[in-house]
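Engineer: Given chain A, put chain B in place with the hints provided.
If you read the protein sequences in the order shown, they are chains A and B.
So the first sequence is numbered by numbering that gives the first Met the number 0: it starts at 0 and just counts up by one.
So the second sequence is numbered by numbering that gives the first Met the number 0: it starts at 0 and just counts up by one.
Careful: at least some of the hints might be erroneous.
Identical chains share a label here; the pair holds if one copy fits it or two copies do between them.
Claimed, not checked - List time: in silico DSS-like cross-link candidates among lysine-lysine, alpha-carbon distance up to 30 angstroms:
1) 92 / 344
2) 87 / 367
3) 181 / 92
4) 29 / 181
5) 70 / 181
6) 70 / 197
7) 328 / 344
8) 263 / 181
9) 197 / 92
10) 344 / 225
11) 181 / 24
12) 29 / 225
13) 197 / 305
14) 344 / 367
15) 344 / 24
16) 263 / 225
17) 24 / 92
What the hints contain is simulated information worked out from the structure, not anything from laboratory work.
Number of protein chains: 2
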Amino acid sequence: MAETEHRVVVVGGGFGGLQLVHDLKGASAKITLIDRRNHHLFQPLLYQVATTALATSEIAWPIRHLYRERKDVATLLDEVIGVDRQAKTVLLKSGAPVAYDTLVLATGATHAYFGHDEWADAAPGLKTLEDATTIRRRMLLAFERAELADNTVEREKLLTFAIIGAGPTGVEMAGMIAELAKQVLPEEFRSIDTRQTKVMLIEAGPRVLATFTQELSAYAQTALEKLGVDVRLGHAVTAITSDGVTIGDTFVPCGTVIWAAGVKASPAAQWVGAGADRAGRAIVSPDLSIEGDPNVFVIGDTASLKQADGSPVPGIAPAAKQQGGYVAKVIRARLEGQSVPGPFKYRHQGSLATIGRRAAVIDFGRFKLKGGLAWWIWGLAHIYFLIGTRSRLAVAWSWLWIYLSGQHSARLITQRETIRDKT
Amino acid sequence: MAETEHRVVVVGGGFGGLQLVHDLKGASAKITLIDRRNHHLFQPLLYQVATTALATSEIAWPIRHLYRERKDVATLLDEVIGVDRQAKTVLLKSGAPVAYDTLVLATGATHAYFGHDEWADAAPGLKTLEDATTIRRRMLLAFERAELADNTVEREKLLTFAIIGAGPTGVEMAGMIAELAKQVLPEEFRSIDTRQTKVMLIEAGPRVLATFTQELSAYAQTALEKLGVDVRLGHAVTAITSDGVTIGDTFVPCGTVIWAAGVKASPAAQWVGAGADRAGRAIVSPDLSIEGDPNVFVIGDTASLKQADGSPVPGIAPAAKQQGGYVAKVIRARLEGQSVPGPFKYRHQGSLATIGRRAAVIDFGRFKLKGGLAWWIWGLAHIYFLIGTRSRLAVAWSWLWIYLSGQHSARLITQRETIRDKT
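The shape of chain A in the complex, shown without the other chains (with noise of 0.2 angstroms):
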């Protein structure tokens, strides 16, 4: 390829990141994509993987190999500590800086404590393959040792567990523990009755599903306490250690705290030195790039747009991939010198969200669904969306086998050797 050829550089292989490339496709632009993972992950699964529905591969692919045949792309396996936009260079980690013509950075959002880093250690998120193996060792190791517990107290702690923030993945986990312990694993232990497992849902605004409508979030919540689930709305969280959690001013034994409640962005504004909201978002331009330099975007999470009534766009994956979609059209519009796309403009395609194995959410806008129809309508959704002809197929044999035999197949304790540490 020419020396002259446009440099795209991508930073980020989610969603936001991935679609760009996609688009990218045939543009007459040599792209470099950086991530300090090997692969992208399908994190709306995520929450399968910490309770042991599917195993870890089936949700990740390296980032290279899909890529294998673009041989516009090449993929770098780097940390990004900043950019110099003076000299237009990425700074990595481990290798040299890559200059850029276009800069694009889709480095999503992580955990937040709303200031309370010190809970990180006893309530772990979900964000990551090694969040949700930490999550699956846990849980499990938390039932080990309930089953070791020489007394009712340390058995009663052991075998309750809390999940922080109501959203779809507090809802999706909460779900999934309570099956587990009142379906899955009860005749598999001798000493104790794990249908005595006690899950609370802790949630601090008025009702579960937030962005759901009344209905739905009313449905989702009765459809929590059929399985079990003990659901706690409009309960702040103040401390959190690892003996339990403290729920206003009660305090509560636990054995295992998951946190899904807080996000906040990757640090994208500061590489760039542009202005930021409240949760570390880059504030974008209409167009998705950063104010007073037109060749830097942010996508996805860790960009701040408000859409034409004010609200945000939501950091879902739908969002993010909407917005590497728009950035590719502008910079094809600008290398083929056509009129660029209008401001971007977020259409919303609908929520999704499980309870269980047996039922779901939907809200289409217009159309609204709740039950088993539900979700199988999910289920499909989801392995429509997962990458590669294998990974569909590998995901629907896990959940047929599952709804099937009633029986999950990654209970596996990795990382750590004993079962005394208490993580």
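Structural biologist: Chain B only, in chain A's frame:
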């Protein structure tokens, strides 16, 4: 069950322990199976996890799940720290001591570095799922670092892999890494040509697969060399650092070193005060009990027993299973007041090893086979020995996919965030 029921405590959920528990079904015994891992691991296929062909959960099963319907079996996840033969109890790291009437130690073996424990960090062995994901991570990171490297010397070092020990594990690892480098990865990298990768298989003895016949050894070596593996026989490794290996007097820079050379027994002999051979294995009587205590048995890789011809029983899965089955018969006979069987006799059923995904060698005594058909028999035999329909179908499906598409599905770098750290 009656309090007076005979208590059998089994330590170790490997091939020997599981066979024993299986064969005690219906005996009037109360069985406690203790393992420090929550899963049984199908070790013969562990190298396939290390080389990205299989997912971790495809070759590991939660032990307590296997016995969910056996109400006579209780499973404890805990680490044994000793045995009190006077009190007839097993001492645990976390839980209370467990009393036994009959004790069976089946705790296996781990890597041995021939007195060079300082090599362990630079040259991981392959015994646990974590070992496999460590090797997988290092191997994949070596290619990623080579892609980022800015000079030829560094790149060549990173693309050099040394496998030490040419038994089945070493041969199988070398074949898979060579195939990955030469057939799976080439089109995915832009700066390096992964076909330039150098895979060295280093063996102090005079041939690969020393337990097979001369002819099959020679075939395996030729098959490895066809895949581009540099087989170095009659060379002892004298030093290993994070920069490379010293073979005899020659230092070879290497990015990745894998240990497949020696094993040592678990400390079972020490726990029970039995005599041990040089590898630390407990010396057992012809009925697999220890001298002077007919109620304590040691089986599998941690037992040392000579056959009638003076050769030792080999440390392989079929031997452990036969010993587990034998001890179950002895325990049953005692419980039922029948005459106990004669001394344990090992029946060698054959040896199998694969070289890449098209060739294998099989030695069933009079029946010997090499090449493509042997590979199919090897594959079917291993699928047959997996536990449960789900695993059999999943592994068969993973292999079929690799066979048809040439693509590996579990190419994940996990547990470390960045590319910079050496380990």
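Engineer: Decide, hint by hint, whether the structure agrees.
Structural biologist: Results of checking the hints against the structure:
Taking CA atoms no more than 30 angstroms apart as the test, residue 92 paired with residue 344 passes in neither setting, with 35 angstroms inside one copy and 60 angstroms between copies. Taking the shortest Cα distances, residue 87 and residue 367 never come within 30 angstroms of each other, neither inside one copy (47 angstroms) nor across copies (64 angstroms). Taking the shortest alpha-carbon separations for residue 181 and residue 92, only the inter-copy value of 29 angstroms comes in at or below 30 angstroms, while the best intra-copy value is 47 angstroms. For a Cα distance limit of 30 angstroms, the shortest separation of residue 29 from residue 181 across copies, 26 angstroms, qualifies, whereas the shortest one inside one copy, 53 angstroms, does not.
Taking identical chains as interchangeable, the C-alpha atoms of residue 70 and residue 181 lie at most 30 angstroms apart only when they sit on different chains, with a minimum of 18 angstroms there against 51 angstroms within one chain. Taking the shortest Cα distances, residue 70 and residue 197 sit within 30 angstroms of each other only across copies (25 angstroms), while inside one copy they are farther apart (53 angstroms). Proximity of residue 328 and residue 344 under a CA criterion of 30 angstroms is satisfied intra-copy only: 13 angstroms inside one chain copy versus 74 angstroms between copies. In the homo-oligomer, the alpha carbons of residue 263 and residue 181 never lie at most 30 angstroms apart, since the shortest distance is 34 angstroms inside one protomer and 42 angstroms across protomers.
Taking identical chains as interchangeable, the C-alpha atoms of residue 197 and residue 92 lie at most 30 angstroms apart only when they sit on different chains, with a minimum of 27 angstroms there against 44 angstroms within one chain. For the identical chains of this complex, residue 344 and residue 225 are neighbours neither inside a copy (40 angstroms) nor across copies (57 angstroms), given an alpha-carbon limit of 30 angstroms. Within a single copy, residue 181 and residue 24 get their C-alpha atoms only as close as 49 angstroms, which misses the 30 angstroms cut-off; across copies the closest is 27 angstroms, which meets it. For the identical chains of this complex, residue 29 and residue 225 are neighbours neither inside a copy (54 angstroms) nor across copies (37 angstroms), given an alpha-carbon limit of 30 angstroms.
Taking CA atoms no more than 30 angstroms apart as the test, residue 197 paired with residue 305 passes in neither setting, with 40 angstroms inside one copy and 54 angstroms between copies. Within a single copy, residue 344 and residue 367 get their C-alpha atoms as close as 23 angstroms, which meets the 30 angstroms cut-off; across copies the closest is 68 angstroms, which misses it. Taking identical chains as interchangeable, the C-alpha atoms of residue 344 and residue 24 lie at most 30 angstroms apart only when both belong to the same chain, with a minimum of 22 angstroms there against 66 angstroms between chains. For the homomeric pair residue 263 and residue 225, neither the shortest alpha-carbon distance inside one copy (33 angstroms) nor that between copies (52 angstroms) is at most 30 angstroms.
Within a single copy, residue 24 and residue 92 get their C-alpha atoms as close as 28 angstroms, which meets the 30 angstroms cut-off; across copies the closest is 58 angstroms, which misses it.
This entry does not satisfy hints 1, 2, 8, 10, 12, 13, 16, going by the numbered hints stated previously.
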